[in-house]
Structure formats: structure tokens, C-alpha cells
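Q: These are the residues of each chain, in order.
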Amino acid sequence: MFHRSRYLQTTEAGRAEQWQRARMLVQIFALLTLYTTASFVMPRWAEWRVATGIVPLWPIQWMAWLPTPTAVDIICLYALGATAGAFFFVERRGWRLNAALAVLFLHALINSFGKINHSWHPWVLVTCAFVFLPTGPWRTYPPADERRDHFYAVIWGAQLLVMVIYTLSGLWKIYGIITQWQEGTMTALHPTAFAYQVANRTLQTNTVGPLSRLIIQVPWLGWLPYLTVIYLETFAVVTVWRPRLQRLWAVGLIGFHIGSWLTMTITFNAQILVLGLLFWFSPFVPAENSLRQVLRELPIVKEMLRLVRDWNRLHGTTRSSQGSKVTIQNTEGTEEFMPISADRRATDI
Amino acid sequence: MVPFEKPQQDQRPISRAQRIQLVFITFALLYAIIGNYSWVVQQREYFPIYSWDLFSYIPAHTADFAIRITAINGETLDPPLFFNEATKYIPAAQTIEAFALLQRFGNAVYTDSTEADALQQQFEALYLQQLDAIDYELVIRTFDAIDYAQSGTVDQIIPLQSFHR
Chain S
1 MFHRSRYLQT
11 TEAGRAEQWQ
21 RARMLVQIFA
31 LLTLYTTASF
41 VMPRWAEWRV
51 ATGIVPLWPI
61 QWMAWLPTPT
71 AVDIICLYAL
81 GATAGAFFFV
91 ERRGWRLNAA
101 LAVLFLHALI
111 NSFGKINHSW
121 HPWVLVTCAF
131 VFLPTGPWRT
141 YPPADERRDH
151 FYAVIWGAQL
161 LVMVIYTLSG
171 LWKIYGIITQ
181 WQEGTMTALH
191 PTAFAYQVAN
201 RTLQTNTVGP
211 LSRLIIQVPW
221 LGWLPYLTVI
231 YLETFAVVTV
241 WRPRLQRLWA
251 VGLIGFHIGS
261 WLTMTITFNA
271 QILVLGLLFW
281 FSPFVPAENS
291 LRQVLRELPI
301 VKEMLRLVRD
311 WNRLHGTTRS
321 SQGSKVTIQN
331 TEGTEEFMPI
341 SADRRATDI
Chain E
350 MVPFEKPQQD
360 QRPISRAQRI
370 QLVFITFALL
380 YAIIGNYSWV
390 VQQREYFPIY
400 SWDLFSYIPA
410 HTADFAIRIT
420 AINGETLDPP
430 LFFNEATKYI
440 PAAQTIEAFA
450 LLQRFGNAVY
460 TDSTEADALQ
470 QQFEALYLQQ
480 LDAIDYELVI
490 RTFDAIDYAQ
500 SGTVDQIIPL
510 QSFHR
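Chains as they are written, first to last, in this note's numbering: chain S, 1 to 349; chain E, 350 to 514.
Chain S extracted, bound-state conformation:
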């Protein structure tokens, strides 16, 4: 589950940088939470106070007991105060807990106008996950092993929650492919599939992104990117266990969100920030991370390589295993054996 050797940097300098990176990640997240909360609250506070048609989601159903302006004031003030407190006192769990509750209330309010938008769900989840970080001080280095592992385990957990969301989205798309294929209708594998998604979205909102018309007029342009997105989404959760892939997935999924805006005017700013922080800025990416190593870790590719290696091993010698064989000459003759390090476990780390 959590192989310390896989997640810890190998050198002392690397481990110090890793710890600093992990701490900074949480501090930057707290700053962004304060900033985004203020940018949500300040322009809309007055509008929310007089809004009609609010159907409160479960976290803010207590709004029904109070006049709407009072309830809105409480949510906005609490959101600003708690996220500011969590930024200035990020090492204190009490403040982080308050910030998580405040962010939950605020986004429940934002989504209580007839439709639940999903772009801020990961942010809410990560805010809740960070409540479990150990209480400070975090500045001491080196931290005790248990404290450091606790810290990393929470960041790992936040990564897991974010990537599970993408994997669910990918699995639904695979399910959609299977059901539409069974029905005999167009599936996501069709070259014009993405153009249909773009066209339908432009009709829903009557808005056009910078690349919408191009994709609708030249439908096959979106084919390969769309298939790539399905792959990235479906296997996103795997990257939590294969940290070498985290930066590649960060770039791929951020590119996907930028593409969604260019073609369908869908903004996922929060997800871009979360991906950048948790996966591009990830403390778990090994210091040495060549393209070859990354490619060998890709989902399906890694499994295929393992299959080929096992197949070759089963059917005698292979080029790689032959190179790893050690010959020992002793009084009883010559003996060949393969050292344990040539086993597949060595490539897992």
C-alpha cells in the first residue's frame, strides 16, 4: 500500500527538499483557499442576500431556520474568517477543520440554485483531507519518521481522492462506449464523437469557445485528444501508486481542462490548481525521472512489459535475463543463476 522506499527520495538533500515541498504544497493550498473563497464571496455576497429560488443543499439546510440575509452573512463571514485563519495558522488542526466546514458550507450555497456544478468538488475534498495533517510545528527538519510518514500519507490520501474522481469519470465513458456499441449507435471511439459533444454543448448554452467551430467543422481533429483523455481519466488513480507518472498526468489533465474551455467553454480552474499543486508539485515524484522510466510505468504498457518478461522467463532465456545471469565456477563445476535484483520487484521502486 504505502511503500516508504517508493515515496521517499533517495538522498539526504532530496529528502529535505521533499519535506519542504510537502509543507509548501499545504501552505500554498491554504493561501489559494483563502483567495478563491474571497473571490467567490465578495462579488456575490449582496446578490445572495436578496436571492430567491434558493433550495439549500444538505450542509446548509439550517438556512431554513433563519432569514436568508442572516444565513448568507453567517456563511460568508465564516468562510472568510475560517480560511484566513487556516492560512495564518495552517499548522493548527482546529483552523483547518473550520476552513473545511466553511468551504463545504460556501460551496453548498453556491450550488443551491438548481444545479450542482462539479468543478469545485475536488477542492472541497482536499480541504477536508488536509484536516488530517498532523498538528505543527512543521518547520523542524528532519522530522520524526512517524510524523513525516503521517504528513505524506495525508497528501497521498488527497491525491487519491482527486484521482478517484477522474477514474470514475473515465469508467463512465467506458461504460458509455459499451452501452452505445450494444445499441448500435455512435460511441466515443468514433472519429466524430468529440465534435458531437462540442456541438451539443454549444447548443445547450448558446455559447461558442475559441475552438468550438473548428472542431465541429473538422470533426476528426478532436478524435485523438478525446481518446487520450479517456485513457488519462480511466487510469488516473494508478498514478497514486506510480509517482513517476504524476507530472505526466498533471500536464495531460490540465491540458484536458484547458481544451474543455477552448472547445466547450467549461471552466475547471479549481481542478487545474489542484492538479498543479498535488501532482506537478508532488513531493513523491522521484528526483531522477527519465522519459524512458515514465513510459515503462504507463498503465497497460507496464502490464504488457511484465507479461512479456514473464512469458520469456517461462520459455527459457531472454536477452535481459541472460545479461543478468551470474556464472560461478567452483570445485563442482560451473553454475549459473539469476540474482534476486533482476527480479521484477527491482523495477517497481
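Footprint (simulated), chain S over chain E, 3 or more residues, beta carbon under 8 Å:
(1) 375-387
(2) 400-410
Label pairs and their computed distance ranges (CB to CB):
(3) E:Ala412 x S:Ala46: 34 to 42 Å
(4) E:Ala449 x S:Arg44: 14 to 22 Å
(5) S:Glu183 x E:Thr436: 30 to 38 Å
(6) S:Ala46 x E:Ile382: 36 to 44 Å
Bear in mind the hints are in silico, worked out from the structure with no lab data behind them. Fair warning: this is a prediction, and the values are worked out from it, not measured in the lab. Even for Gly, the Cβ is constructed at its ideal location relative to N, Cα and C.
Here the structure of chain S is known, so what remains is to put chain E in place on it, guided by the hints.
A: Just chain E now, kept in the frame of chain S:
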């Protein structure tokens, strides 16, 4: 004499970090189960839990509910305007929130659901309140999305119900 030696087991207790990870894995599994169960079986969401069934199907030949506005503030519109074209009168007409609420409202009317009145009130309170008067009809449109986006061709428009506010 002991016939078999008891195999040695790893007696190390599970660490705090591993316990935290187990909690996160359990939560992630519950998130997936609750999100999908509520979406598929109950057709609802428990914020911030969701199935993430987004853009899962290709809407090649599809249908949606739409509002066709025939008169606004006493002025007859000829030809009528679809709701998301009426930004001159309704600034939020192009938001996806309005579209999503409209689909729920349309579906409730189409299926004679008891929620229809409440959804109509919510829709009018959120998007039509600033107008003095409006005549509109709820319709179903069937279309090929690319044809519609390129040339405005709609296969069929089926009126469901007319409203005056």
C-alpha cells in the same frame, strides 16, 4: 515434537501512516459507491459526492427540453426566441445552471411529476423574475447536434405546455 514449524509472521503493528491510508482508501471506495448508487438508483446527488457521469454518451442524434418565448413584456416575438437566445432580456440565459434546471423542469412536466410546479416556480424565480410579463412554451427538440450547430436544422419541435407569467 512439533510436526510442523509454525510459519513466521510479520508481527509489526500497522503504522499510523498506513492507518490513515486505509481510511482514505475506504473513504474513496465509499465515495464511489454512494456517488454511483445515488446517481443511478435515486437519480440524485449528495454534494460533494457524485458519480462523475459526465459526457459519458455521444449525443449524435438527441433531444432536449427547451423554452420558446413568444412574448416578453407585452411585446410579441416573431419569430419566437429560444430561452438561451434571449440574453437581451435574461442575462443568465446562457448559463449551464439555467439549462440544467430547465431539463429538470421539462422532464417533470413531461412525466407529470409532482415536482413540476415547484421546479416551475424555482425556474421563474431565478431567471424570469425581472420581466414584467412573459409568454413561453415548453417544447421538446430532436436534432442531430452537428447539423443543428452548423445550420440550425432541427428535426422536430414538440410543444408540451404553454405558460404565462
